[in-house]
Amino acid sequence: MFDKRMTVDAIVDQLCDGMTIAIGGWATRRKPMALVRAIARSNLKDLTVIAYGGPDVGILAACGKLRLLVFAFVSMDQIPIEPHFRAARQAGLEVWEMDEGMLHWGLRAAAMGLPFLPTRVGIGTAIADDPRFKTVTSPYGDGETLIAMPAIKPDVALLHVHRSDEKGNVLTLSPDPFFDELMARAAEQTFVTTEQVVSTAELDLPANARFHLVERALIAGVAEVPFGAHPTSAAPDYHLDLAHLRSYAAAEGEAWDAYRARYIGVDAPSYLAAVGGADAIRAIPAPNY
Amino acid sequence: MTDTQATLADLLIAACAEVWRDDPEWLATGITPIPRLGASLAKLSFNPRLMITDAENMFLEEPAPIGPRDASPTAEGWAPYARTFDNLWGGRRHALVAPVQIDRFGQTNISVIGDHAAPKAALLGARGFPGNSISHPNSFFVPQHSRRSLVAGEVDYVCSAGYNPARWPDGRPPHRLELRRIVTNLCVMDFGGPDHAIRLVSLHPGVGVEEVRDNSGFDVVVEGDVPATPVPDAAALAIIRRLDPHGIRASLLKGNPPAVRAT
Chain A
1 MFDKRMTVDA
11 IVDQLCDGMT
21 IAIGGWATRR
31 KPMALVRAIA
41 RSNLKDLTVI
51 AYGGPDVGIL
61 AACGKLRLLV
71 FAFVSMDQIP
81 IEPHFRAARQ
91 AGLEVWEMDE
101 GMLHWGLRAA
111 AMGLPFLPTR
121 VGIGTAIADD
131 PRFKTVTSPY
141 GDGETLIAMP
151 AIKPDVALLH
161 VHRSDEKGNV
171 LTLSPDPFFD
181 ELMARAAEQT
191 FVTTEQVVST
201 AELDLPANAR
211 FHLVERALIA
221 GVAEVPFGAH
231 PTSAAPDYHL
241 DLAHLRSYAA
251 AEGEAWDAYR
261 ARYIGVDAPS
271 YLAAVGGADA
281 IRAIPAPNY
Chain B
1 MTDTQATLAD
11 LLIAACAEVW
21 RDDPEWLATG
31 ITPIPRLGAS
41 LAKLSFNPRL
51 MITDAENMFL
61 EEPAPIGPRD
71 ASPTAEGWAP
81 YARTFDNLWG
91 GRRHALVAPV
101 QIDRFGQTNI
111 SVIGDHAAPK
121 AALLGARGFP
131 GNSISHPNSF
141 FVPQHSRRSL
151 VAGEVDYVCS
161 AGYNPARWPD
171 GRPPHRLELR
181 RIVTNLCVMD
191 FGGPDHAIRL
201 VSLHPGVGVE
211 EVRDNSGFDV
221 VVEGDVPATP
231 VPDAAALAII
241 RRLDPHGIRA
251 SLLKGNPPAV
261 RAT
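Here the protein sequences come in this chain order: A and B.
Under the numbering used here, the first residue of the first sequence is numbered 1, with each subsequent residue one higher.
Under the numbering used here, the first residue of the second sequence is numbered 1, with each subsequent residue one higher.
This list has only true hints and no planted wrong ones.
Below, simulated BS3-like cross-link-like pairs (lysine-lysine); rule was C-alpha separation at most 30 Å, straight line: (1) B:Lys120 <-> A:Lys45; (2) A:Lys134 <-> B:Lys120; (3) A:Lys153 <-> A:Lys45; (4) B:Lys254 <-> B:Lys120; (5) A:Lys153 <-> A:Lys167.
FYI, nobody ran anything at the bench for these hints, they're computed from the structure.
Input sequences plus hints: build the corresponding full structure.
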């Protein structure tokens, strides 16, 4: 039987101290939060995380899992400053900061098996002062100086998708696919959580062909976790839980310990009960941006 | 004719709208509510060519009002982040953004206050500022004009490129560097002084040149008599009210001051 289904904890068992992990989604959208919480509960340490960051980065930073953050921003949009990221950064968390598009380009270089891709982005800014960036001179035309955006190569990509079959054919039904495809192509291995595991026929291809993220050969394992992106969104199935994000953001000191005990240190059914249950999540209205 | 109902927020929205007045069929991006309302006002009043998004991943035929709304606006195109990057790298965009710090070169910062390696305050991160700044025209909105936001020397961490040749490779300006305007709660400025020095364009009604100078960490070029920033007319105010039916703009500036200062 050709079957890639596994549990969230089995995915975390595939990870090692010091690994470089790309986390899909964007800010408060389609983050693999059940996996992030499982990593936060684990003994893993010294991780390098690559992300268009939101509460995924905040939780891992607050739980002391990060050695290095490769990022362009960490924000929850409606709550612009991610307080747990801010606290970790001000306490000395090491970062490699770049432009959103540079991160895209670094993932693309890795996905293409190239050592770098040239870009102008970063020229003229303090980003370019980081010695991890080198420049190249265009061999054409006027010899323009460009940044050689190095390949950003994760060991593992962790993504949250809407549907998967047992073989790892995955659909992301949300209106923005973000850069999940490039993370999967750049990484050595990709693990996904999915809202539902369905039969291959129920993926309804070719009608859903535009939502098929990558070839299944890139997907190493699939865990079925309904509401696995909560409190971030997995629209159209459900929207971000702004009330929960506000309580998460407000949790400092003892309140953080209580948040961690109630929402992070528990299994998925207990988490779902603690945040109000499936019907409550489904009833969250769409945000107005 | 002056509408005495207009608030400073209304005036700033109208001043922000002006940055897109003559733009071609480009993406107009206004970040934070006043610039966003400005882009929407520009599209609805004098530049219907502008493309506007829902601040998520769709282009909208008509700009969406801010705050809770009943109806879904009609989408006229798809704008996921990957496509937004591709579009901005191609130059067909003019962004009006709200940095935390800006310096005399037009370099801006939204990443950290203090030293980057050991920040006093960690903010968002550079986001798309570096790429925006060298790919298409940019303007800026500063809601609190002070020496903390318009800083002496350089900003703490240069997120967007500006007219500082010391940061340009080989001394050559970046490919499409073009800084347009700075709209603050005191005035409108541009980069039209010698060597792109920041220059006063207009003063909001009741604001004097000295107040701008006292609250700026760098010299602002003043040429001749500086006109007053226009107060939006009744037609513009009607559009602004339609775009902000819940009056959110009244909460954006402390005390919601009027457009024309009481003297």
